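Quick note, the sequences are listed as chains P and L, same order. When we follow the UniProt record's numbering, the leftmost residue of the first sequence carries the number 1, and every step to the right adds one. When we follow the UniProt record's numbering, the leftmost residue of the second sequence carries the number 1, and every step to the right adds one.
None of these hints come from the bench; they were simulated from the model. Small disclaimer: the values here were computed from a predicted structure and weren't measured. Just so you know, even glycine gets a beta-carbon here, dropped at the ideal spot from N, CA and C. Any given hint might turn out to be false.
Ranges of calculated distance between the beta carbons of each label pair, as one might list FRET restraints [stated by the list, open to error]:
1) P/A296 x L/D56: 23 to 31 Å
2) P/G19 x L/F13: 32 to 40 Å
3) P/P83 x L/R80: 20 to 28 Å
4) L/G63 x P/I70: 55 to 63 Å
5) L/S12 x P/I70: 37 to 45 Å
6) P/L311 x L/F13: 34 to 42 Å
7) L/S38 x P/P83: 16 to 24 Å
8) L/S38 x P/I70: 35 to 43 Å
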Amino acid sequence: MLPARARPVSVVLVVALLGALIAVPVGQLARTAFASGWSGAMAAAGSRQAVLALEHTALVSVLVTAFAVICGGALALVVERRPRRSRTLLRLAVISPLLIPEFVLGFSWSQAYGPSGTLDRAAGITVPGLLGPTGVVLVLTVHAIPLAYLVIAAGLATRAEPDLELAARASGANGRTVLRTVTLPLLRPALTAAAALVFVTSTNSFAVPQVLGEPAGFATMSTLIFNDLNLSASPDVFNQLAVVALEQTALVLAAILVFGLILRRTATESVRGPTTVGERAAVAAGGHVASRITTALVGLYVLIATVVPLLVLIGVALTRGPGLAPTPANWTTSNFADAFSGPTWVGLWHSLVLAALAAVIVIVMCLPTVLGTGGRARTTLGAGVLLGYAVPGSALAVGILIAYGSPLEGSAMIILIAYLAKLWAVGHRPLSAGVDRLVPEHAMAARASGAGPLTALGSVVLPPLRVALLTGAGLVFVLAVQEVTMSGILYGPGSETFAAVILNQQDLGSDGATAALALTMTVPLLFIGLLLVAGRRRLRSPEAVA
Amino acid sequence: MPEIRVQNLRKSFGASTVLDGIGFTVRDKEFVTLLGPSGCGKTTTLMSIAGFQTPDEGVIAVGGDVFVDRAAGVDLPAERRDLGIVFQSYAVWPHMTVAQNVAFPLSLRKVDKRTARGRVAEVLELVELGAHADRYPHQLSGGQQQRVALARAIAPSPRVLLLDEPFSNLDAKLRERARDRLKQLQLSLGLTTVFVTHDQDEALAMSDRILVMNGGRILRDGTPEEVYREPGARFVAEFLGQCNFVTGSIETGPGGGAVLRTRDFPDGIAIRADGVSASGAATVAVRPHDIELCGPDGNGAEGTVVESVFLGDHYRYTVAVGGARLEVHAARPVAPGPVRVRIPPHSAVLVD
Ligand SMILES: Nc1ncnc2c1ncn2[C@@H]1O[C@H](COP(=O)(O)OP(=O)(O)OP(=O)(O)O)[C@@H](O)[C@H]1O
Ligand SMILES: [Mg+2]
Chain P
1 MLPARARPVS VVLVVALLGA LIAVPVGQLA RTAFASGWSG AMAAAGSRQA
51 VLALEHTALV SVLVTAFAVI CGGALALVVE RRPRRSRTLL RLAVISPLLI
101 PEFVLGFSWS QAYGPSGTLD RAAGITVPGL LGPTGVVLVL TVHAIPLAYL
151 VIAAGLATRA EPDLELAARA SGANGRTVLR TVTLPLLRPA LTAAAALVFV
201 TSTNSFAVPQ VLGEPAGFAT MSTLIFNDLN LSASPDVFNQ LAVVALEQTA
251 LVLAAILVFG LILRRTATES VRGPTTVGER AAVAAGGHVA SRITTALVGL
301 YVLIATVVPL LVLIGVALTR GPGLAPTPAN WTTSNFADAF SGPTWVGLWH
351 SLVLAALAAV IVIVMCLPTV LGTGGRARTT LGAGVLLGYA VPGSALAVGI
401 LIAYGSPLEG SAMIILIAYL AKLWAVGHRP LSAGVDRLVP EHAMAARASG
451 AGPLTALGSV VLPPLRVALL TGAGLVFVLA VQEVTMSGIL YGPGSETFAA
501 VILNQQDLGS DGATAALALT MTVPLLFIGL LLVAGRRRLR SPEAVA
Chain L
1 MPEIRVQNLR KSFGASTVLD GIGFTVRDKE FVTLLGPSGC GKTTTLMSIA
51 GFQTPDEGVI AVGGDVFVDR AAGVDLPAER RDLGIVFQSY AVWPHMTVAQ
101 NVAFPLSLRK VDKRTARGRV AEVLELVELG AHADRYPHQL SGGQQQRVAL
151 ARAIAPSPRV LLLDEPFSNL DAKLRERARD RLKQLQLSLG LTTVFVTHDQ
201 DEALAMSDRI LVMNGGRILR DGTPEEVYRE PGARFVAEFL GQCNFVTGSI
251 ETGPGGGAVL RTRDFPDGIA IRADGVSASG AATVAVRPHD IELCGPDGNG
301 AEGTVVESVF LGDHYRYTVA VGGARLEVHA ARPVAPGPVR VRIPPHSAVL
351 VD
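Extracted from the complex, chain P is given alone in its bound form (with noise of 0.2 Å):
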């Protein structure tokens, strides 16, 4: 888009930046990690708490991408199938864990439905195992149910057209057959897709294993890296955890090369053609029966995975001391006082700037990459980027905590760093679709018209993008608000963000304070979590360009 003249120029930026964000802070982890020798590495590798954690980060995660692939592949299939209009509030419903903070999902269920939770206390109803392996990968199954369903409803609306089912129907196959021929092997590559994302979501997930295993001694290799990195100051320690880190990148890249190939094998090409018949295939595809069902089914996990643990959240924040039930009588605005009280304001507004500042930059480094290259260039760098995104936050804030440190330790400013290398990706997908859905012969009239590069831009290419500059934004505000992972790792006195500020109360067993707090965050974060889901809307329909 921009013209050629800018492109050697928008490569070595987009290359210098990827090298500073993320090729250097991995450079340096594994320099650290290997610092006394192959052999060293090898003995921290093989020590018992690292094995360990490697061990339940494996297992987390191929539980949770199983799980969370067949119920999202089978809450997509039922509900993207449904009549256009009660589709919209089901799949709001679906997705509702995404927009709820990972952490505050996790501590909200154990709040709910843990030992003494306010279920517990009310009627004795607790979910067995919640604080230890059963609930991590309960918790974040729930949570990455929402990602996979949007990755395979998007496979589904893209390639398995309903005309498709319809033709093998008038076949002869019944239901049951239609799936198993047409509609899943052409969700293969969505549904390889999905569990990629979701292995490496999990891997990388720090918070719900912090709060749910972390109390019944089950560590994962994000908490070990957190805990450790917290108890000792001293340098084998140290050396020790950039091996562990080291290792959890190793995974996270293995598995996305592994995932990358199979994606290759059953990647087929897909013909298209208008449907004649979509709409109405949604009609024949379920009873009213069925349909009822479905809607009841949605509906009661909405409730027990988002809408009662919030509940119960809202319950714990507004009520005098623990284990009171949380009736008029008991409530009070104490826990909010208690909260908003030391550096937590400060937390806040740390918050909000870094996150910001964050949405900002990430939005003007998007757009040399997305904009000023072309081709295999933009591919190649493209795939840098979304890279850096899969390295797992604790290990970018080892590697970034390294080759930053020095000057920047304890400074809001390395966490800046630490957004900007995570997050880029996140601005970097919804611009790049924006732009692969660009016609390039708009900008050529406007040049043809007599309008200067730059002009241009501003009046043509820029204006159609600006769903995907605000979404892309958006994401990387409200992720980076409730990042908790690197910005606890690399905080300093002074620096603290909100995240950590409740990550800290949650850790000193205040849960009045700390619900106080996780409520303050989510419903700010809810309201543009569903702003957001809107703009996504818009930025796939076909007038968002027009």
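Following the hints, position chain L with the ligands against chain P.
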């Protein structure tokens, strides 16, 4: 002897009525076309026969089997109706080769492998795709994909073939060839066929019978000639090619036939129709190529050529006659200015 019987189909979406009492029959080996403008309910009717849409009311039966009978609560699932369907989008499965696509309905009918292979080859030969059996759909052109869809639909020798605008994604040249091929196949295989289109030429060229639809109703049901020559309704006349409409009042003419009296045509317009007994206000339809133009000294109504366009095989004139404007197609050139306009006896038909 598959005969399709459709009775009193009704279907509404919310407040809008999409099918408003559709009824027709299709005889064995007959090619029947549902013709009508966009949104008139053609696809909805076809999909009701196929089993992908359930009408609110009505009966659909093929041969002796009742597919749908809302009053009796019968609604046979699509996969048990034994029909062949070609969709407008073709819906060729992208993860299967051409041969696999065509073999799929056979395998569902438990045809043994050897027989199926033979049948696939035979059908692909029929649609001239024998050489492409092992290709994937994305390696085919649009026209070839369309033929795969057709081959897949006819492979299991279904009782009835249903086609929903199968040629609308082809360019004009290909469309004509595809049309001829389908008609030949239909005749040689003796397929009972329901075809949906909004293209009048397609309908006229291929059909044994045309059902003209509008607003969820069937306005006219007849052979192509009948529907074209005696449209019966103004909408049908207009939908099947250009048409002029003249209003006046009906009287009995000198020969005993009906004549339309109108100020612009002093001699009246003789109406083709037996037993027109109505009198009073009426409208007749006249095709542009039925109207004759001659020099200002001839006989007929006085008119003026106000516009002329050369269209290759004919000229199109706009002629002002009194207050009305008529479209006239003529093979030879006519000078602009005053002319005489004649509507030959029996080229005008009554419409309502
Ligand atoms: N699932 C649906 N919900 C609501 N309205 C529908 C639905 N399916 C069809 N309709 C409406 O029913 C009417 C008839 O649709 P149908 O697809 O049968 O028309 P058609 O004659 O095939 O038109 P076209 O030539 O454009 O394909 C249209 O007005 C359409 O908007
Ligand atoms: Mg249609």
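These are the hints, each one checked on the structure:
1. P/A296 x L/D56: 23 to 31 Å: Once the Cβ atoms are compared, 25 Å apart, the range 23 to 31 Å for L/D56 and P/A296 holds.
2. P/G19 x L/F13: 32 to 40 Å: violated, 58 Å
3. P/P83 x L/R80: 20 to 28 Å: holds, 24 Å
4. L/G63 x P/I70: 55 to 63 Å: violated, 43 Å
5. L/S12 x P/I70: 37 to 45 Å: holds, 38 Å
6. P/L311 x L/F13: 34 to 42 Å: Cβ of P/L311 to Cβ of L/F13: about 38 Å, so the range 34 to 42 Å holds.
7. L/S38 x P/P83: 16 to 24 Å: holds, 21 Å
8. L/S38 x P/I70: 35 to 43 Å: Between L/S38 and P/I70, where Cβ atoms are some 41 Å apart, the hint holds.
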